[in-house]
Amino acid sequence: MAPVTGGSSRRYCDGHTRRDLLQVGVLSALGWTLPDLLRLQAASAASDVSCIFLYLLGGPSHLDMWDMKPEAPSEFRGEFQPIETNVPGIRISEHLPLSAKHAEKYAILRSVNHPNADHGRGTHYMQTGLLPAAGDFNGKVPNNIHPCFGSVVAREKGIRGSLPPYISMPDVMRSGSSAFLGAAYAPFVIQADPSSPQFTVRDVTPPPGFDPRRAGVRRELLTRLNRQDHGLEAANENLRALDTFYQKAHGLVTSPAAKKAFAIGQERDSVRDAYGRTQLGQGCLMARRLIEAGCRFVSINNGNWDTHAAGFHSLRNDLLPAFDRGFSTLLADLKERGMLDSTLVVVSGDFGRTPRINKDAGRDHWPNVFSVVMAGGGIRGGQVVGSSDARGEYPKERPLSPEMVAATLFQSLGINFHREYHTPIGRPIQIVNNGQTISEVI
Amino acid sequence: MSSPTVFRICHCLAPVCLLLAGALWTAPSLADTAERAPARVGVDSARAGGRPGPRAAPSRLRVDPPAVELTGPDARLGLIVTGHGADGRTLDLTGQSRVNSLDPRIVRTEGAILIPAGDGEAVVAVAAGGETVRVPVRVRATRTPREFSFVNDIGPILSKAGCNSGGCHGKASGQNGFKLTVFGYDPEFDHQALTQEGRGRRILPGDPARSLLLLKATLGAPHGGGRRFPVDSSEYRTLLRWIEAGAPMGRPDGPRLAGISVFPTERVLLPAGEQQVRVTATYTDGSRRDVTASADFSSNADHVATVRPDGLIQGAGAPGEAAVMVRYMGGVAATRVVIPRPGRPAPPERYAWLRSGNALDRRVAAKLQQLGIEPSAPADDATFLRRVSLDLIGTLPTPAEARAFSRECSAERQATIATRDPRRWRRSSVPSPPNAVRARAALVERLLARPEYAALWAIRWADVLRVDREALGPKGAYAFYRWLRDRMTENTPYSRWAGDLLVAQGSSAEVGPANLYRAARTPEELANTVSQVFLGVRLQCAQCHHHPFEKWTQEDFWGVAGFFTRLERQADPPDSERIATGGTEEARHPRTGAIIPARVLEAPIREGRDTPSKQGGLTLSSSQSPAPDTDRREELARWLTAPGNRFFARMFANRLWSHFLGRGVVEPVDDMRDTNPPSNGPLLDELTALVVRSGFDQKAVIREIVNSRVYQLSAVPNPTNLRDQQNFSRATVRRLPAEVLLDAISDATGLPAKFEGAPSGVRAIELWDNRLPSYFLEVFGRPLRGSPCECERSQEPSMSQALHLMNSPVIHDQISSRRGRVARLVRAGIPPAAMVEELYLAMLCRLPSADERRTALALFDKAENRQTAGEDLLWTLMNSFAFIFNR
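As given, the protein sequences belong to chains A and B, one line each in that order. Residue numbering for the first sequence follows numbering that gives the first Met the number 0, starting at 0 and increasing by one per position. Residue numbering for the second sequence follows numbering that gives the first Met the number 0, starting at 0 and increasing by one per position.
Quick caveat, the hints were computed from the structure, so don't treat them as lab data. Watch out, some of these pointers could steer you wrong.
Partial list, derived from the structure: chain B residues whose beta carbon lies under 10 angstroms from chain A [unchecked claim]: (1) Thr279; (2) Ser807; (3) Ile810; (4) Leu846; (5) Glu851; (6) Leu856.
For glycine and all other residues, C-beta sits at the position ideal for the given N, C-alpha and C.
Work out the full structure, taking the sequences as your base and the hints as a guide.
Here it is, written out as structure tokens:
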């Protein structure tokens, strides 16, 4: 917590003045639309940390990846053996051999836990830092109640370069949007799988076959037409905002850097192969390219980790090899390009899996303890924080909450997570409620 | 189930008090005020504008109160010094006056604040602007040891310093082992926490100055929250004396806060003027106390006026009106400041056209005239056509309709000019040529009769009543939507359908309105939804603690919730439920567990409320007792929809106004509070009266609004109203709602959008299923209907929206399709000039200007063929502000 300064500026625990808070909140929609997004774009450069948020949808098995229990009875420990990593004492699954060579780059948080075993609420908690209460939603799955990490980053850090600040692929999770922060901070969604040969990014290029010369004609005509409305623009914020977004959009469409970033096909085959020709692998490669081109937060939603049946089979043959290749190559590639210190990589999921193996050779939902991995972006790697008990059922040491993971993520990105937003009813709510960073890693 | 909800809401509550409380609260020294910010009174700007400044006119000095009585050693009172100019204007001189005690043994002064020194009588001389006023002061009981009350004396200090805010010790989990209740809603708990817990170190009666409470707050010991007030501040001294006195809780039957008041309650300021206010608390024993130093202040219009934590209101530059909200220990009050535009007032005839409209126009004109803001010019016919079509039926007129309307208007105008004395309308601000009033009114009637009217309004009501297919299932969502749409088609009086909705029961698949009880499932959610949608009262905060901005208590919240405790939901497979009354549940106070009888807002609390009657403690506003099988909701519905209900009609009036004018008279539209007053009170009163008079006839009210001149103003600002945001001096520019914009694109291109799983050709505004997959609708802000807030529907632009309109292959195909508008025009052999006209009419409802026509024709000359040129022009118009926005 920042020290409170005295005097008439009246700052609060979080370093914000009363005026800031009022402008964000009580003044309602007018106070917090686009201008912040644009104003902030020029902010800090040197320690400007971006984030790749690798979300393993369905809940990855902590016991078969990061938190092996070889001493546990067979109905718990599963079919896989642990192997040594390049950091003495840290052991992970034998099916993560490539990742095992980079353990000095990441911290394994083995005692993360929360109380909810359904996908909707677990995902909301892990993607926004807020656990929705039953009264917050009414369907089977909560809507986006609190802004997700990417939207907060977009709001707090703004646009950098020509790319949107928050990009989600290959789709967007229901929790992965801007909630009450509004459309301006919603993700730009690449509704496509970068491993597919037909991969294109929606809306960033004119439709196929369109004569590019006509784009110039149209734009000139549009500028001319809109120029008549300068009088209106002066008095209307949303009009100005859309104008600016059109300029940004035009910048994106015509930017060689953006075009290059999206053109994953131009990447060397050896690099694409190293990441693995999977949705996850190519997603990681795409994420690195987007961050390089100026995006601040890329979320990769990778499916099929809800391994209720034949879990060991799919982990062994499909999920873990793809993850291992993509994740390890991403770390190595970021390191090689000198981007690791400025790029936080987080591996997260809805929850862990039941330590006791079920009758279908799978594991079910288990939020009581599971692992999250963080690398880069100033995170102190080569360590394990917290531990689970002998069977991987509950935290043993240093229980960590999703709020702490969220606070650490924001800390790494230089975002004051104590900052208050106001929900539509005027309720003040901090970016991370009661957030505390995990001091061991940052 | 309710208890985790309660806790989540509470612990994520970050500090409302902290918003306004200070990090370092020094005594409200007005001398200090004057020193730091020499009172800028805006005299110069007034002079520059040619208006006599207040100083130029001889002024009369007034001091409030004219005589002072200070009782007890800690009494305090801030004088408010006002200069009254001969021109009737007032000027706050509090910060610049010299206040001298003629007998410092009796009374001391700190700026304009009087502090007792010894018993007796004395005179204080107040001098400002060359005048002096004498104020007699009587001081009593300075030697009587103060009888402390934790609630009245200590709680306010903890609140103002932010100690009990949600971000600090007010969190559900406390902070570093020390927990207070948020906003101090449970004084017993807080007293206990201070005096008993923490191994007794927080309060050391044997060595008061070493109490952890004082050391931490003054940074005499490390404190995560920093220094909250300095040693020897008045807060410090009060706490110290309280500890010396044994840190008592105080008498349980001692005086309690009865209310607060603020002085002055209304002032006219210059744009950079200032006004100090004084807040007085009144207690149940009749005693009064100046609590300005401990009160919280906020302005509802920071661009007009801001307010400092010590209660000094400062003009912020824009003309207009601001309400300054004052809060103190659950009491609320508000003061209004009006800041007219500086400079010479506009001649009255500038308001003549607006004033000669209907009653609504007169209210708006009066306000604008008071503020010196001139209305924009009247909107032309084409602008009106597009605006009113989009607002009433969410649908663009066809080129043929646009042409016909233009003809009607011209004909009427010719007739008017022919019969009118030209000298009259040329002289004043009457539009020249005059508006085609009858043609416009006739258009409104045609639109009100169109089926799209019901579709558009069904969407709006379905949004706030949470008709979400995912929550209700397809059958329930369809039934609820259909029911709302039928109400709009039949124009059922609002009060009737709202009443029917509240008492609905039966199968959710058949009885549409019964789904309200599935959209909101718990008594708490129902209390929130019903009060916000129909009353514009946001009760949520009062679920866990006293509402921080309002008078609502937990008893109020749970009183409303109590109407919904006796409902049963029986499964009616496959995806429906049967709603029925039944059960014996009662609403209970979350902290004490006491039963809270069902009670409408502002009804008196019945004594002995902890002992429910046989009927379950239903508090009726009428005197008769309910039959045992009474549906409690009926009582609520009766009260809610009564014409005399001061919330219900106003909320409806405000919602309708905001739909058409782009902003409520109260804003946010569903946040009606005494502390969030309307920007134009008489206007809202007029609208409310209209609603009641019409018998809650939605179409009748809408008819009055859209036929008003204020609705028919241009959006183009003039120099005087450029910064106006709240007085309806010009039309608001609003982005088309997602569904309306999508339909507009379908109409423009001539090719309807397709929706997966919906019949082909269906319009977006007719979709009942809010979850139908559509990237377009999502990216343009279709709400998920998870809350009763209008704000869930986003009208903000985004980069994804711009990209989609520019490059979407779907829209590209619509534009270039062989069945599309451009291709049809080309096939029909329409020459370029006519094509250009047709596209302008179809999309912007107007003909191109000469310049636009030239530019467009040049495009046709250069292009490969007409198809290409037509597509490029259509794309350009579709991406223009003129198309995307309603203006």
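Now the hints, each set against the structure:
Hint status for Thr279 of chain B: violated, given a least beta-carbon distance of 24 angstroms to chain A, over 10 angstroms. For Ser807 of chain B, the suggested interface contact is upheld, since its CB lies about 6 angstroms from the closest CB of chain A, less than 10 angstroms. Hint status for Ile810 of chain B: holds, given a least beta-carbon distance of 9 angstroms to chain A, under 10 angstroms. Checking Leu846 of chain B against chain A by beta carbon gives a least distance of about 14 angstroms; that is not within 10 angstroms, so the hint is violated.
Annotation: interface hint on Glu851 of chain B holds; nearest CB of chain A at approximately 7 angstroms, less than 10 angstroms. Residue-level restraint check for Leu856 of chain B is violated (minimum Cβ-Cβ distance to chain A is 12 angstroms; threshold 10 angstroms).
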